[in-house]
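*Asks:* Here's the letter readout for the chains.
There are 2 protein chains.
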Amino acid sequence: MRVLGVDPGLTRCGIGVVDSIAGRRARLVAVGVARSTHTESIDVRLLAISQQLDEWLDRHIPDVVAIERVFAQNNLSTVMGTAQVAGLAMVAAAKRGVPVALHTPSEVKAAVTGHGGAHKEQVQRMVANILGLSQAPRPADAADALALAICHLWRPAGILDKADRYQMTPAQRQWAAAEQATKQNVRRLH
Amino acid sequence: MRVLGVDPGLTRCGIGVVDSIAGRRARLVAVGVARSTHTESIDVRLLAISQQLDEWLDRHIPDVVAIERVFAQNNLSTVMGTAQVAGLAMVAAAKRGVPVALHTPSEVKAAVTGHGGAHKEQVQRMVANILGLSQAPRPADAADALALAICHLWRPAGILDKADRYQMTPAQRQWAAAEQATKQNVRRLH
Chain A
1 MRVLGVDPGL TRCGIGVVDS IAGRRARLVA VGVARSTHTE SIDVRLLAIS QQLDEWLDRH
61 IPDVVAIERV FAQNNLSTVM GTAQVAGLAM VAAAKRGVPV ALHTPSEVKA AVTGHGGAHK
121 EQVQRMVANI LGLSQAPRPA DAADALALAI CHLWRPAGIL DKADRYQMTP AQRQWAAAEQ
181 ATKQNVRRLH
Chain B
191 MRVLGVDPGL TRCGIGVVDS IAGRRARLVA VGVARSTHTE SIDVRLLAIS QQLDEWLDRH
251 IPDVVAIERV FAQNNLSTVM GTAQVAGLAM VAAAKRGVPV ALHTPSEVKA AVTGHGGAHK
311 EQVQRMVANI LGLSQAPRPA DAADALALAI CHLWRPAGIL DKADRYQMTP AQRQWAAAEQ
371 ATKQNVRRLH
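Chains A and B are the protein sequences, given in the same order.
Residues in the first sequence are numbered from 1 upward in steps of one, following the numbering used here.
Residues in the second sequence are numbered from 191 upward in steps of one, following the numbering used here.
Chain A on its own, in the form it takes in the complex (with noise of 0.2 Å):
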């Protein structure tokens, strides 16, 4: 299973291709990161980022995109441009008939440390360790995108599939509880 990772940003958005290999092990196909100019108006901008998470889908034929699920309550100045590129990537997927899944930051920590209150350096380190890597891709962004990625990989069986929610194992009830949770917690910070 092939699965492209997007970390969704305006100015840098971090995609990155892993395939899953035995072993609870993943491989590398690809990283980088799709930019844009902040000196150019929000539709350019937002055209361009389009343009490269496309090129992406049509060199790499994912099986699966995964996205970073973008919350309202994130930074003000920046969410709306988290949020439109997000779009962007779903968009992109769907018009190739690609699934999409959407994985809270909290439930990618869970997946590639074991521990949802994870440091961002920690997260980086694993996905260094997960991929054979001597060290985490930068920019972080890039980063970011392959733990999105593994995952999708590593997630709880059938966890993401609406069907599937409806024959939930013990250990799927638990995610989907803390996955529940989080987003609740996050609307009461807010």
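Simulated from the structure, these hints should not be mistaken for laboratory data.
Just so it is clear, CB atoms sit at the ideal spot from N, CA and C, and this is done for glycine as well.
Please note that the accuracy of each hint is not assured.
[Unchecked claim] Mimicking DMTMM-like on lysine to aspartate or glutamate, the simulated pairs with C-alpha atoms at most 20 Å apart in a straight line are:
id, chain 1, residue 1, chain 2, residue 2
1, B, K285, A, E55
2, A, K95, B, D244
3, A, K95, B, D248
4, B, K285, A, D54
5, B, K285, A, D58
6, A, K95, B, E230
7, B, K285, A, E40
8, A, K95, A, E55
9, B, K285, B, E245
10, B, K285, B, D244
[Unchecked claim] Not everything, but these chain A residues come out facing chain B in the computed CB check (under 8 Å):
id, residue
11, I42
12, D43
13, V70
14, L76
15, V79
16, L88
17, M90
18, V91
19, K95
[Said to hold, decoys possible] Here are the simulated distance ranges between beta carbons:
id, chain 1, residue 1, chain 2, residue 2, range
20, A, R24, B, G307, 53 to 61 Å
21, A, K120, B, G322, 54 to 62 Å
22, B, I211, A, E40, 31 to 39 Å
23, B, T227, A, R96, 19 to 27 Å
24, A, K95, B, G304, 40 to 48 Å
25, A, K120, B, Q312, 47 to 55 Å
26, B, Q263, A, T39, 24 to 32 Å
27, A, E121, B, I251, 45 to 53 Å
28, A, R96, B, K310, 33 to 41 Å
29, B, T268, A, E40, 23 to 31 Å
30, B, K310, A, H60, 40 to 48 Å
We have chain A; now place chain B onto it with these hints.
*Replies:* Coordinates of chain B only, in the frame set by chain A:
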């Protein structure tokens, strides 16, 4: 000049096309709503809206696309979808080389009724008046899209061109100040 107005929304996205005509009036070209089915996944819904926006732009070939400016502080339950649809409208315009203008709800109300705090019903009545219709188009999203397009036609000249910001007339400066105040108010409310 032909303006295509977009009142962004994931369930109903209002779209209205108007031409400017002599004597501070405007002619209705077309009005409607792009829809998506709420039982579909978000990626499929965004793709559906995106395709309908593409069709509207190809059919009506506007000179400008005017979109409601979405604030992070808007209705939390819908703001992400609204922002994403606004982003799709921007990309649809940018990939055709059509300039994009963003207008706040207060700007739209002020342009159409002369009063930035006007009620929704006043705006709709004025839209019908301006376009010579016996009543405002339904649903409200469709009429709001027309109001956006009219707002763009009737805005103080040059206010939206970045290059012109440095050579504003006093009236333009007032408008810009009002725009700025609106944004700060929204922030303060938050």
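*Asks:* Could you grab the alpha-carbon distance between K285(B) and E55(A) and see if it respects the 20 Å cut-off?
*Replies:* Since the Cα atoms of K285(B) and E55(A) sit roughly 15 Å apart, the hinted pair holds (cutoff 20 Å).
*Asks:* Looking only at beta-carbon atoms, does the pair K95(A), G304(B) fall within the given range of 40 to 48 Å?
*Replies:* holds (43 Å)
*Asks:* Holds or violated: K95(A) as interface residue toward chain B, Cβ cutoff 8 Å?
*Replies:* This interface hint holds because 6 Å falls under the 8 Å limit.
*Asks:* Against chain B, is I42(A) within 8 Å by beta-carbon distance?
*Replies:* holds (6 Å)
*Asks:* Does the alpha-carbon distance linking K95(A) and D248(B) stay inside the 20 Å limit?
*Replies:* With a Cα-Cα distance of about 18 Å, the restraint between K95(A) and D248(B) holds, given a limit of 20 Å.
*Asks:* Is K285(B) close enough to D58(A), meaning Cα to Cα at most 20 Å?
*Replies:* The given pair, whose Cα atoms are some 18 Å apart, holds under the 20 Å limit.
*Asks:* A range of 45 to 53 Å was offered for this pair. Does it hold for the Cβ distance of E121(A) and I251(B)?
*Replies:* 51 Å Cβ-Cβ, so the 45 to 53 Å window holds.
*Asks:* For K120(A) and G322(B), compare the CB-CB distance with the range 54 to 62 Å and indicate the outcome.
*Replies:* Given a distance of about 59 Å, which is inside 54 to 62 Å, the answer is holds.
*Asks:* Tell me if the straight-line CA distance from K285(B) to D244(B) falls inside 20 Å.
*Replies:* holds (10 Å)
*Asks:* Checking hints one by one. Is V79(A) an interface residue toward chain B, by the C-beta closer than 8 Å rule?
*Replies:* holds (5 Å)
*Asks:* Please check whether V91(A) passes as an interface residue: C-beta within 8 Å of a C-beta belonging to chain B.
*Replies:* holds (5 Å)
*Asks:* Sort out whether E245(B) lies within 20 Å of K285(B), counting only the CA atoms.
*Replies:* holds (13 Å)
In this structure, every one of the numbered hints holds.
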